[in-house]
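Enquirer: Residue numbers (the UniProt record's numbering), protein chains in the order written: chain X, 1 to 406; chain D, 1 to 406.
Since the hints were made in silico from the structure, they are not lab data. Computed from a predicted model, the values in this text were never measured in an experiment. There are no misleading hints in this set.
The calculated lysine-lysine pairs, modelled on DSS-like cross-linking and capped at a C-alpha distance of 25 Å, are:
{"no.": "1", "chain 1": "X", "residue 1": "K66", "chain 2": "X", "residue 2": "K51"}
{"no.": "2", "chain 1": "X", "residue 1": "K257", "chain 2": "D", "residue 2": "K257"}
{"no.": "3", "chain 1": "X", "residue 1": "K371", "chain 2": "D", "residue 2": "K48"}
{"no.": "4", "chain 1": "X", "residue 1": "K257", "chain 2": "D", "residue 2": "K123"}
Protein chains: 2
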Amino acid sequence: MSLDRSAVHNFAAGPSPLPTSVLEEAARGLLNYNGTGMGVCELSHRGKEFKAIIEGAEADLRSLLKLPDSHAVLFMQGGGTTQFASVVLNVLAARRLAHASTPTEQYEPPVLDYVVSGSWSAKAYAEAQRLALNGDGKPFCVPRLAASSKEAKYTSLPSAYDFSAGAALAFYCENETINGDEFAGVAGTDASFPFDKVPKDTVLVADYSSSFLSRPIPNIAQHGIIYAGAQKNLGPSGVTVVLVRRDLLVDTTAAMKLGGVPAVPIQSEYKTLADNGSLYNTPPVFPIYVSALVLRHLVAQGGLDKVAEVNKAKADALYASLDAAEATGAVTCVVRQKAARSWMNVPFNITNGREAEFLKGAEARGFRQLKGHRSVGGIRASIYNAVTLESVHKLCAYIDEFAAAA
Amino acid sequence: MSLDRSAVHNFAAGPSPLPTSVLEEAARGLLNYNGTGMGVCELSHRGKEFKAIIEGAEADLRSLLKLPDSHAVLFMQGGGTTQFASVVLNVLAARRLAHASTPTEQYEPPVLDYVVSGSWSAKAYAEAQRLALNGDGKPFCVPRLAASSKEAKYTSLPSAYDFSAGAALAFYCENETINGDEFAGVAGTDASFPFDKVPKDTVLVADYSSSFLSRPIPNIAQHGIIYAGAQKNLGPSGVTVVLVRRDLLVDTTAAMKLGGVPAVPIQSEYKTLADNGSLYNTPPVFPIYVSALVLRHLVAQGGLDKVAEVNKAKADALYASLDAAEATGAVTCVVRQKAARSWMNVPFNITNGREAEFLKGAEARGFRQLKGHRSVGGIRASIYNAVTLESVHKLCAYIDEFAAAA
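Excised from the complex, chain X in its bound form:
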């Protein structure tokens, strides 16, 4: 059976849906960009056409996020998983250069503070532990837990924070795609990240992959590094946006010469990317092009305050249906702390052995990609920017109906 796009409501956790109008324009650009007789993937990344695309994307991103000029915008490759390492490598190099006169044997490996609130921040923490390894020598850094909600199986955010004075970085993941908990939760501010507890000289790092562009970023200027894989609210997979405060654009080769830091592949050096306008080598042209179209689309919609209004309406509606269904015993919401509920990824479980029945009915109604992450199972409805309020209302109606039929 061949389906039309309008017959389908795509709740994928990522790669996730994109606006149809954007995809239509991208399909035209793929064959013939702006009447050049060449497709966008067939143009030099150093030509005037692509230069306009990437510069336009940066300008729209800055305007949407109100990003101050203190921060550079980089378009990189490799996704959030690659940034787990790049963040550590660049921050450690910056720290080493700030102590350039200290001989390596006297240089103390810096502490790295991690807030672990779900699967992705746990992975970031694990990567820092790997990069600390230095055989028989001193470790390159000392990663530690500043907070964790692992004991609560990530069904809430951490309840206590213990940041280290002098830590080189403090890391958090704003929205946990798999677990469904988020700092700037739906209910309001009481679950927000404790920005005031992070020491002033510590580089604040946020993984924003799955909530990027869903609303304005609180305290954006306090962050040293914010990164996001595109494949949620921004564009197709294959490009990662990294916002870096300019004092972190450092010469990693000089740090490697000093010693006491892990090696930094040149392609992971933020300074190299910044110095070359993200064109040190060939960038992922098509993912950047589609991201640029999505950014234009968001600007045309009225910016992130408008986007946030719609997203709040979507999340409120879905959680209201789930709470009502939970009261009947038909479902349980995974995240127990209401203020920590993500408004992008909504995991829930179907009780009484009715999961297959739920999924079958969902499939028949055109709902797609509702299965939870393979590591946790259950159901997950991701309601990114390109999922319409209408699609969410249809899902809500189905949940209401399903709960009533229990």
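Position chain D relative to chain X; hints supplied.
Expert: Chain D alone, transformed into the frame defined by chain X:
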């Protein structure tokens, strides 16, 4: 003026032209993949649709290249520039693990042999030198030149080779995109890489970015690692194919624990990618999808022997016109060693101050992206797989006409 694709002949050095039929199919898939009602960029990379795409791409690649099962196929991100580092990191880890019982203080940094025949191999060599840096400690490796044609300004291949017994790797770049020299040159075998001089235990590494899939790969099984950015003959930029002999799929964390090796970001570990079928994290879905379509297209054309026949005809025709024009004094070919002439990238200079005249006439005839790399200037005609013999004949006719009008 809006142009049709048929009005344009695209000689870009990369990102470069793709077959129109492939782009037409990709444009449909972008909106609605196989009647799912969802575009290919909106599908989970772990779903059955994308699994079929990436597995099909690997199967077609193996069949086209006659790649033995001793080698894994990885789809990575970051381009050749990222592989400059990844190659070194994985090979050094493998070497360290092969000497696991040697204490770090007694472990001798291995020699890495580089053949430098142009700008890209020079960059690969420079990256190895960076990664050797270890502050006050022993270097992680000892990169050295096994051969170089720098003195000839890369207008020929190296004339002598001096590989080290016991070197951990021997690196060469099969085709130099900027300089236009290539080991398996158009004229025949006399410029070929000296495979028999590489010690048996040395890992042979080839950067194949700009000649990948232009013909069969000579001595493919002797190589430990072959990599290629997609954006020449394979697909859109954003994906890099890496062929790795399975003994090089090693646990880099274990090597880092032993010490004496540079840190390896997890995303650069070949083993992790191989263990996860290139889906350790979200891959660049669209570039892989289009690459899969191109691979299907090449299989349908009859495989790489057929592709090579057409490419040889294109190169022979273009060099014949250039040689004739050089005889009139109107142009000079950059690469002076005829057997080393690339059949993918053909750089030449227009003499007598007529370059602007040449480019103006070229533009009027629909020839596009003929300017040489910004580092060397001049003209460069890249005649990748998707450039038709007809387009090359039209360029030849123009060169003939231009030379006659001198």
